[in-house]
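Trainee: Sequence:
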Amino acid sequence: MQLKVGIVGAGAVGTYFGVRLAELGHDVRFLLNPGEAPPKALTVNSWQGDFELDAPTYASSPGELAAAGEALDWVLVGLKSTALDGDGAGQMARLVGPAVGDGTRVQLLMNGLGAEELAADAFGASKIHGGLVYGGFGRPAPDAVLHEGMATELRGGSFVDDPAEIAAAERLWSPAAGGVKPPGAIVYAPQPCLRLAQWSKLAWNIPFNGATVCSNSNVGTLWRSDGGKAAAIGLMREVIRAANA
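Okay, so the sequence shown: first residue is 1 according to full-length UniProt numbering, each after it adds one.
Hints were generated in silico from the structure; no laboratory data involved. Any given hint could be a false lead.
The list that follows gives simulated cross-link-like pairs (lysine-lysine, BS3-like), each with its CA atoms no further than 27 Å apart [as the list claims (entries may be wrong)]:
1. Lys80 x Lys40
2. Lys201 x Lys229
3. Lys40 x Lys4
Using the sequences and the accompanying hints, generate a full structural model.
Mentor: Below, the structure is given as structure tokens:
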């Protein structure tokens, strides 16, 4: 079944995920970033398989994503968390709301905690999905995304941990016409408890993102150092205590 999907926040992650959904046969529309000219094609380069989307569909405002009154089935949100600074729920409603209809589900592709709550306040909790993105992405040019590192995976779940909603998300990441997925297809790994999945990723992100910046080193160097390893483990335990508080 072909689904209509809008992409809000078409940076490296949003563009990659949108192109991969188009590769599955879904009807994907991209919200242009301010001041950006629409590329004639979008290309993903990946060791899992390259794909070029010719003549992508673009919109210049969130409302235009649902063109001609067509309701979107899904909106994928790849915004930076800083885009929601200040009045977060208000910003979410302004940046995403015009694309969200009564039957539209919202899939967030944002790290950290709190964005799902803002989306739930703006659009209703039952239609909100969180997602933890695994894989390395860069955007070397406006019309290209480079994927490196681990195989792309989305560990996703329903904000209200509804199995029926998780099943709906699994349909999104399946070929529209059925059949076998292409080699580069994103693996959707359903999470029965979204909050547990989020804290599990934070137990990695918080220690290593901060410690590598402070020590001006990479993860491997930090982990091979006795002091660095001890500091990282201490931070992990602190995150776990916060999660259980």
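Trainee: Look at each hint and say if it fits the structure.
Mentor: Evaluation of the provided hints:
no. : hint            : result
1   : Lys80 x Lys40   : holds (25 Å)
2   : Lys201 x Lys229 : holds (18 Å)
3   : Lys40 x Lys4    : holds (20 Å)
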